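Peer 1: Given next are the chains, with one letter for each unit.
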Amino acid sequence: MADGGHVDIVKRKGQRPTEAFSKAKLHQSIVAATLSARTPEGQADNIAHSVTNYVLEWLETRPEVTSHDIRLVATRHLRAHHPDAAYLYEQHKNTL
Amino acid sequence: MDIASSLAIVTLAALIHASFQLSVSVLTLLSGHAIGAKRSQTRVLRLTFGYVTGVGVMTLLILSFLSLIFLHAFGTEAPQIIWAIACGLLIGVGLAVWFFYYRREKGTSLWIPRAFARHLSDRSKAAKSSTEAFSLGLTSVVSELLFTAAPMIISALVLIQLPGHWQLVGIAIYTIISLLTLFSVWVLISSGHRLSSIQKWREDNKRFLQFAAGGALAVLGFFVYVCKIIADVTGAI
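Line by line, the protein sequences give chains A and B. Per our numbering, the very first residue in the first sequence carries number 1; after that it's consecutive. Per our numbering, the very first residue in the second sequence carries number 1; after that it's consecutive.
Treat the hints with caution; some may be incorrect.
To be verified - In the DSS-like style, the derived pairs of lysine-lysine whose C-alpha atoms are separated by at most 30 Å in a straight line are: (1) B:K125 to B:K200; (2) A:K93 to B:K38; (3) A:K93 to B:K125; (4) A:K23 to B:K206; (5) B:K200 to A:K11.
Think of the hints as simulated: they come from the structure by calculation, not from any bench. Values in this document were obtained by computation on a predicted structure and should not be read as measured data.
The following block holds chain B by itself, in its conformation from the complex (with noise of 0.2 Å):
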């Protein structure tokens, strides 16, 4: 797979990564309660960028551990079933996606455990400096691996082909791509947009970004298996 064929399933690994709402409902949430107990618009913003802040870290921190983790286990060549693997994995959570993303009640809950869910909607009431947002960040990307591993795991196996600097690069893209909706929401938020817009922004669409979360997913898996699997068996016949 050449260069650029490798970075561009890492940039729609990323948009879907992207895509998927989590880090954007605890930010509405922190946001909410921040602006709720009368913080000046300063505090507002510097709490919500140590947020932002700590999802891109740990969006970078986890890539990286699984291109490590993939590099010292199959060094720069990964074997076929594994790319089998996280193909099915791929088309797999894209149909979960499809089916289970939202759950069946107004508003924008997720299919994550209920326990899970009130933590971080806890967290986000009690976080009072960035450092505590910071690391609410970082905890909200661990909470969306569900969803999230499988694009991530894809791009690790495409990233560990590459020579060192376009590795590197390729993290980069795929943290900045991955940052793009929250950064956006980040963003509209300072600008002092009204968080009930934003809130029935993302409830009106919730079933087109399920939708196309799911189906990228899949197109992805489909992708990387005909571009990998089938043309190396088909370029060993």
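So that you can see chain A by itself, here it is in the shape it has in the complex (with noise of 0.2 Å):
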């Protein structure tokens, strides 16, 4: 599972249609978060692989996820790399 392209996301409690995980996406979400806390762009780049990497191996067990979930797990790795930008994608849903 290396793209972790077999995995179904549970969208907003199943409010929303489920979605195959993308990697991309996950990666891409990261390095805005990073950015977001004034990172250089090759750091937020790094930081991004190692959490998406991190978050590909947690979900080799799991056929089914949450998009709350990745965002936990990600928020968790991502707070031990960044801990600013670990809080702002963890705020990322409660600002508003």
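Dock the two chains into a complex; use the hints.
Peer 2: In structure tokens, the structure reads:
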């Protein structure tokens, strides 16, 4: 499961259709959060790679997860690399 | 009510308006998305300035519109029942702000319909030009009307009593002061401050801001009630 392509993501507690896990989408969202914390592009990309790989490992034994689970796991790992970016990533849905 | 007291009421109402957080939340999201999308600092500045301008223009338009409606409906002096209703509204919204302004969860989520919050959040992500950011600013003021209508109504009632040029001064004072918080956050973002520290400050102080806004609304309602209704009634006796 190199790209997590067989995992279904349950969105918004089932209120939106399930969709296949996208490694690129997760990577992009981590890059965006890390850049928002004013991190240089190269470093943001490295951190995003590391976090994405960690999430992929976590997904290996799980055929179906919620988008909220992914956010929690990604935040937990991102916090170790960049606490500010992790805070922004975690807060994104709770800002408004 | 003399000009100084009238402008003082308008100033306090505008300060209360400035303490509401929806526009600041949208500005934080907008700048976060713009920085995250690797836009240049100039583009980020242009976008966020477009947003702040939109908020200012809509605030100005709504206050002017309310004043015009009241002026047509009541002339330069609104009936006491209208003042009483406006004071009741201020106190009622003040109590509602104390209990309901923020959701009981982590972060700075507000008690606005979730569909509305999602729409604003999605639009802040989709805004790519200053024009879109400007219209997002217009929309966010409308979304916040549930809370800001009360201070705007009382300001409009106060403004219609003033001579023409003082009405313009009052509208300008209200608009500028109500933008102070948003403008300060814009300056912080523009000068390279981390969004996380801004958001963290907002989260850490949200209960104080909620208490201050609710308390100030109630105080303003009580003050206007005493100044306008009690004073007029005792004066009449």
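Peer 1: Each hint needs a verdict: does it hold in this structure or not?
Peer 2: Results of checking the hints against the structure:
Distance restraint check for K125 (chain B) and K200 (chain B): the Cα-Cα separation of roughly 21 Å lies within the 30 Å cut-off, and the hinted pair is therefore satisfied. For the hint pairing K93 (chain A) with K38 (chain B), the CA-to-CA distance comes to about 21 Å; that is within 30 Å, so the pair holds. About 12 Å separates the Cα atoms of K93 (chain A) and K125 (chain B), which keeps this hinted pair within 30 Å; it holds. Simply put, K23 (chain A) and K206 (chain B) have alpha-carbon atoms about 35 Å apart, too far for the 30 Å limit, and the pair is violated.
At most 30 Å may separate the alpha-carbon atoms for a hinted pair to count; K200 (chain B) and K11 (chain A) meet this at roughly 27 Å.
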